[in-house]
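Engineer: Given chain P's structure and the hints, the job is docking chain E onto it.
Residue-level listing of the chains:
Number of protein chains: 2
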Amino acid sequence: MITRIDHIGIACRDLDASIEFYKTTYGFEVVHSEVNEEQGVREAMLRINGTDDGGASYLQLLEPTREDSTIAKYLAKHGEGVHHIAFGTPDVVATTEEATRTGVRVLYPAPRRGTSNSSINFLHPKDCHGVLTELVQAADAATPSSANSH
Amino acid sequence: MITRIDHIGIACRDLDASIEFYKTTYGFEVVHSEVNEEQGVREAMLRINGTDDGGASYLQLLEPTREDSTIAKYLAKHGEGVHHIAFGTPDVVATTEEATRTGVRVLYPAPRRGTSNSSINFLHPKDCHGVLTELVQAADAATPSSANSH
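Same order as they appear, the protein sequences are chains P and E. The numbering used here numbers the first residue of the first sequence as 4 and each following residue consecutively. The numbering used here numbers the first residue of the second sequence as 4 and each following residue consecutively.
Extracted from the complex, chain P is given alone in its bound form (with noise of 0.2 Å):
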């Protein structure tokens, strides 16, 4: 089940460059940065709203840290821009299985960790109508067995 929109990732060149800009142009503020060398991505998270399921809606800055990395070849290719969009479930393992059970691929077996140790999954996006899809289930938020969840 997805309870919000969890995020926007956005692709940039210079984290530094695109924190300033959004502070300048809306008053934005860097709520959570982190650098996740699984990913190879240095990030920096900007709270938007609240959201009625409890949690809350962010803008993901992302820079690359290495060249193999997914976001810098996303910028090689695409220059900077929107690269995914997540959306926030009480069950990751669960929703991911939902969303595979109607055909859609994964890009991993089972949840890695994302942005505040969060747990995380990816939809292919050439099965989402060109966009990919990050399916994220907050630290914080319950966390039932995906074996009694459905």
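Simulated from the structure, these hints should not be mistaken for laboratory data. There's no promise every hint is true.
Since the list gives no way to pick out one identical chain from another, each pair is judged satisfied if it fits inside one copy or across any two copies.
To be verified - Straight line, CA to CA, 27 Å or less: simulated DSSO-like cross-link-like pairs of lysine-lysine: (1) K129 - K80; (2) K129 - K26; (3) K129 - K76.
Values in this document were obtained by computation on a predicted structure and should not be read as measured data.
Structural biologist: Positioned in the frame of chain P, the structure of chain E alone reads:
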């Protein structure tokens, strides 16, 4: 002032097929649809969650109605995918002027009609690190005049 992610605008070749995809994969429902002849689009809004400013966040699916429309050109160049992001504001004129003051170009000299009689403008993607960015004021939002709102 921005108070929410209002929607993510997604370009699609076949609106009915995309609606079916989002319904089957996630259970999302169409809460509004319309044809905007000025923009040259047939569109559907899928409500994802409520937001703490009293509004909501949507996916906006956009199919072109004519070949010279912005969405048709986007599809020809990029294929299906995320076309723009939209931030909600109680005052689109004031928020647009705030962005302009920082050097960002806007697409329209005055707001135009968007979905459900909202008032919208767009910020130029080249001034927004590659992200075509819409500002949207809902039809039922408080409407201070631009003269006294800042």
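Engineer: Looking back at the hints listed earlier, which ones does the structure fail to meet?
Structural biologist: none
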